[in-house]
Amino acid sequence: MSTSTPNARARRSPFGTATPSGDTTLTGLQRLPSHTRYPLTPSRLVTATTPGTQRSASRYTPRARGVGAPATPYGLRARQQRAANTPGRDRRRSGRMQRETTFDILKNLGRALAPISQPIRSSPQEKPEPIEEPVDEFEQLDNEPEIERPRLSLPIQESDEEGEEASPEMRPPRMSLSFAEEDMDITYQSVEYPRDTSIRDRDRLSMMSRATGRISGDFDETRLESDGGDETGIVGEDDEAEDTMMSGGDFDRGGETEDLGRFHFDLNFPSPAAPPLEDPTGGDMNDMEDFELSTAQLPQAPSDDDDNDGGDFGFGLEFPPAASPSESHGIAGGGLRDEAIPAQGKQKKISRHGIPVPNLPAGVVKKLATRFARSGAGSKAKINNATLAAIEQASSWYFEQASQDLAAYSKHAGRKTIDESDVITLLRRQRHINDSTTVFSLAQKHLPKELQQDMRLAMPP
Amino acid sequence: MAVQKLYPRATVKRIVKAHSNRSVSKNADILIFLDYILFMQELMREASIRSRKSGEKNISANTVRKVTEVRCFWAI
Numbered sequence: 001m002s003t004s005t006p007n008a009r010a011r012r013s014p015f016g017t018a019t020p021s022g023d024t025t026l027t028g029l030q031r032l033p034s035h036t037r038y039p040l041t042p043s044r045l046v047t048a049t050t051p052g053t054q055r056s057a058s059r060y061t062p063r064a065r066g067v068g069a070p071a072t073p074y075g076l077r078a079r080q081q082r083a084a085n086t087p088g089r090d091r092r093r094s095g096r097m098q099r100e101t102t103f104d105i106l107k108n109l110g111r112a113l114a115p116i117s118q119p120i121r122s123s124p125q126e127k128p129e130p131i132e133e134p135v136d137e138f139e140q141l142d143n144e145p146e147i148e149r150p151r152l153s154l155p156i157q158e159s160d161e162e163g164e165e166a167s168p169e170m171r172p173p174r175m176s177l178s179f180a181e182e183d184m185d186i187t188y189q190s191v192e193y194p195r196d197t198s199i200r201d202r203d204r205l206s207m208m209s210r211a212t213g214r215i216s217g218d219f220d221e222t223r224l225e226s227d228g229g230d231e232t233g234i235v236g237e238d239d240e241a242e243d244t245m246m247s248g249g250d251f252d253r254g255g256e257t258e259d260l261g262r263f264h265f266d267l268n269f270p271s272p273a274a275p276p277l278e279d280p281t282g283g284d285m286n287d288m289e290d291f292e293l294s295t296a297q298l299p300q301a302p303s304d305d306d307d308n309d310g311g312d313f314g315f316g317l318e319f320p321p322a323a324s325p326s327e328s329h330g331i332a333g334g335g336l337r338d339e340a341i342p343a344q345g346k347q348k349k350i351s352r353h354g355i356p357v358p359n360l361p362a363g364v365v366k367k368l369a370t371r372f373a374r375s376g377a378g379s380k381a382k383i384n385n386a387t388l389a390a391i392e393q394a395s396s397w398y399f400e401q402a403s404q405d406l407a408a409y410s411k412h413a414g415r416k417t418i419d420e421s422d423v424i425t426l427l428r429r430q431r432h433i434n435d436s437t438t439v440f441s442l443a444q445k446h447l448p449k450e451l452q453q454d455m456r457l458a459m460p461p
Numbered sequence: 001m002a003v004q005k006l007y008p009r010a011t012v013k014r015i016v017k018a019h020s021n022r023s024v025s026k027n028a029d030i031l032i033f034l035d036y037i038l039f040m041q042e043l044m045r046e047a048s049i050r051s052r053k054s055g056e057k058n059i060s061a062n063t064v065r066k067v068t069e070v071r072c073f074w075a076i
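Here the protein sequences come in this chain order: A and B. Counting from 1, one number per residue, gives the positions in the first sequence under the numbering used here. Counting from 1, one number per residue, gives the positions in the second sequence under the numbering used here.
Bound-form chain B, shown alone (with noise of 0.2 Å):
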C-alpha cells in the first residue's frame, strides 16, 4: 500500500477547491486525506456495528447508507 500512491493528490486539492472556492495551501490537503481517512474508518466501524447487529455477513449498501444518513442527520 505504500508502495504505490496512498490517493491522488491533485485530485483531493481540487475537490476541496471546489467546494470551498479557496485555494489549498501546498500540503493542507495531506492532513485533509488523512482526515478523510478517519472519517473513512468511523464510517467502516459504524457500518460493520450495524450490519452486524442486523445479521448480515458482508457491509451492505443499505447499511451504509442508513449510517451515512444519521450522521448526515447529525451533521445538521
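Okay, chain A solo, but in the shape it has when bound (with noise of 0.2 Å):
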C-alpha cells in the first residue's frame, strides 16, 4: 500500500476532499477491500502537512482505539501500517481492520465449497496393496534363513505319472556287465530319449526296453529292435496294421518287433518266480543269469513268424498289462530286490562284488527308527515287526546305494579305499551339508560324543 504511486495519490485527492470527516472515511473504507482502500491517500497528504495530528493519533491506547474509530483518515492509515506489520494483532482487532490476503481468498472459496464438496477419494485402492506385496516379498525373501533341502519323495498319485516322464532322464543303476557296449547306448538313447518322453503310453514299454537292454548287455542289437519296436508301436496306435508291417519291413525289423514281445514276457517270468526257484542269497548274481537265460532263448523267437504276428501286433493292448507288473520288479528292483528277505531270516546276502553282507543290527535299526519316528508323530510311536522289516530292507537298500555312490566318488578321486572326504561329498549331493550346517553340526545333532571325537580326529577342519 505504501508502494502506491504519487500519481494515484494526486488521481484520488479530490475524492479524498470530498469527504473530509475521518468518521465517514473509515465506515466507507470498512465496506471497501483492502486492495481498494485508496481513499487513504487523502490521509496521507494530511499527515504530510500535519504531523502533530500522527503523532495525536499515535497516542491512543489501543483499547482506545477498539472501541472508537480513529479520529482522522491519517490515523486509520498509521492503524493499517501496523496491521501490515503484525496481522495477528490485527486479528485480535475483531477483524475490524482485515486485509484481505490469498489465503483469506482461499479461506472463503473453502467456506464457500465446504458443504457442496466431498472428499477426494482416490483412485483405486487395490493399487497400493500389490506395491507393497512385493516389498513384503523381497523382504521375505532376505529373511529366509535357508533353502530347506527338497523331499526327495513325490506323492504315490504322482509318481506314476511324474515317474514315468521323469525316467528317462534317470538311469537305472547298472548291472554288472560290460560297459563298454553301455557306452555306445547311451548316445543312442539319449538321442531316443526326447521321443520317448513325446509318448506317454509308450514309456513304460520304452523303459523295459531299456532296462531289458541294461540287463542284457549283449544283446544290443535287441534293444535296438526294441526300440524300432516302438516305432511301430506308434504307428500302431493309429489303428493301421498295415503301416506297422510297412515300417517293420522297411526297417526290416518286423520279425523282431514281434520278439520285442516275446522279450518282455520272457523277462517278466523271471523276477516274479525268481524267489521261490532261486536261492535266497542270489542278490542280484543269480537274477542276472536269469535275464540272461531269457534273452538267450530269443534268437529262436525270429524264425517263428516274421509279418503275420506282426500285423494283428497290438502293442497298446498287450502291453501295458504285461510291463506294469515287470515294472514293479525290474525297475524299482536294483540290485538287492527279494521281497522275502525278512522271511529268510539270518542268511546274508552276497554283494554283487561277491563278498557277503553283514545285516545291520535290528536293534540299531529299531532304535533309529523308533528315535525319529517319535520325533515325527509327536507321542511314543510304536513300531512293530513287519515295519522294522520293511525299515530294515529300506536300510539295505540304502547302504548298497551309498556304497556304490562313495566307490564311484573314491575311484573318481583315484584312491582306493573310501575316505571321509568322499562321504563328505555324498553328504553335500544329498543336501545334508550347505553353507549354514557343517558336517559337524550335524554330527553334534546326531552322534555321541566319541564319535564326534574320532570324526574330528578324523578330519581337521
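Calculated directly from the structure, the hints in this document are not laboratory data. Any given hint might turn out to be false.
Said to hold, decoys possible - Derived DSSO-like pairs (lysine-lysine); straight-line CA-CA distance at most 27 Å:
id	chain 1	residue 1	chain 2	residue 2
1	A	Lys382	A	Lys445
2	B	Lys5	A	Lys449
3	A	Lys367	B	Lys26
4	A	Lys367	A	Lys449
5	B	Lys26	A	Lys445
6	A	Lys445	B	Lys13
7	A	Lys367	B	Lys57
8	A	Lys367	B	Lys5
As the list claims (entries may be wrong) - Partial chain A-side listing against chain B, Cβ under 8 Å, derived:
id	residue
9	Ala369
10	Ala389
11	Glu400
12	Ala402
13	Ser410
14	Ile424
15	Val439
Predicted, not measured: the structure shown is a model, and the values here were computed from it. For glycine and all other residues, C-beta sits at the position ideal for the given N, C-alpha and C.
Join the two chains, each given in its own frame, into one complex according to the hints.
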C-alpha cells in the first residue's frame, strides 16, 4: 500500500477532499476491500502537512482505538500500517481492519465450497496393496534362512505319472556287465529320449526295453530292435496294422518287433518267479543269470513267424498289463530286491562283488526308527516287526546305493579306499551339508561324543 | 543312548566294503553312519507324513514300503 504511486494519490485526492470527515471515510473504507483503500491517500497528504495529528493518533491506547474508530483518516492509515506489520494483532481486533490476503481468499473459497465438496477418493484402492506386496516378498526372501533341502519323494499318485516322465533322464543303476557297450548305448538312447518322452503310452514300454537292454548287455541289437518296435508301436496306435507292417518291413525288423513282446514276457517270468526258484542268497548275480537265460532263448523267436504276427500285434493292447508288473519288479528292484528277505532270516546276502553283506543289527535300526518316528508323530510311536522289516529292507537298499556312490567318488579321486572326503561329498550332494550346516553341526546333533571326537580326529576342520 | 554304543562300527564298515569292493578309511564309517541317520530321519518323516495322511495311527510296514518304493524310484 505504501508502494502506491504518487500519481494515484494525486488522482484520488479530489475524492478525499469530498469526504473530509475521518469517520465517514472510515466507514466507507471498511466496506472496501483492502486493495482498494486508496482513499487513504488524502490522509497521507494530511499527514505530510500536519505531523502533529499523527502524533495524537499514535497516542491512542489500543483499547481506546478498539472501541472508537480513529479520528482522522491518517490515524486510520497508521493503524493500517501497524496491521500490515503485525497481522496477528489486527486479527485480534474483531476483524475490523482485516487485510484480505490470498490465504483469506482461499479460506473463503473453502468455506463456500465446504458444504458441496466431497472428500477426494483416491482412485482404486487396490493399487497400493500390490505395490506393498512385492516389498514384503523381498523382505521375506531376504529373511529366509536357507532353502530347505527338497523332499526327495513324490506323492504316490503323482509318482506314477511324473515318475514315468522323469524316468528317461534317470538312468537305472547299471548291472555288473560290460561297459563298452553301455557307452554306445548312452549316445544312442540319449538321442532317443525326446521321442520317448513325447509318447506317454510308450514310456513304460521304452523303459522296459531300456531296462532289458541294460540287463542283457550282450544283446545290444535286440535293444535296437526293441526301439524299432517302439516306432512300429506308434504307428500302430493309429489302428493301421499295415503301416506297422510297412515300417517293420522298411526297417527290416518286422520279425523282431514281435520278439520284443516275447522278450518282455520272458523278462517278466523270472523276476516274480525268482524268489521261489532261486536261492534266497541269490542277490543280483542270480537274477542276472536268469535274465541272460531268457535272452538267450530269443534268437529262436524270429524264425517263428515274421509278418503275420507283426500285423495284429497291438502294442497298446498287450503291453501295458504286461509291463506294469514287470515295472514294479524289474525297475524298482535294483540289485538286492528280493521281497522274501524278512522270511529268510539270518542268511547273509551277497553283494554284487561277491562279498557277503552282514546285516545291521535290528536293535540299532529299531532304535533309530523309533527315535525319528517319535519326533515326527509327536507321541510315542510303536514299530512292529513288519514295519521294522520294511525299514531294514530300506536301509539295506540305502547302504547298497550309498556304498556304490562312495566307491564312485573314491574311484574318481583315484583312491583305493573310501575316504572321509568321499562321504562329505556324498552328504553335500544329498544336501545334508550346505553353507549353513556343517558336518560337525550334524554330528553334534546326531552322534554321541566319542564318535564326534573320532570324527574330528579324522578330519581336521 | 549315548552311554551304550550307537552302532557296531565294524559291521557298517563291512557292509560298505562289501558293496563297494573298496576298503573304508579308519573313521569314514562314522560319517557314513551319520548319513544313514539322516536317511532314517527322512524315511521316518516321510512315512509318518504318509501314514497320517491315510489316517493311520502308527507307521505301518506298508507305508514304509511305499515310501521306499518312491524313493527307490527316484534314486534310479
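- Non-conforming hints, listed in increasing numerical order: none
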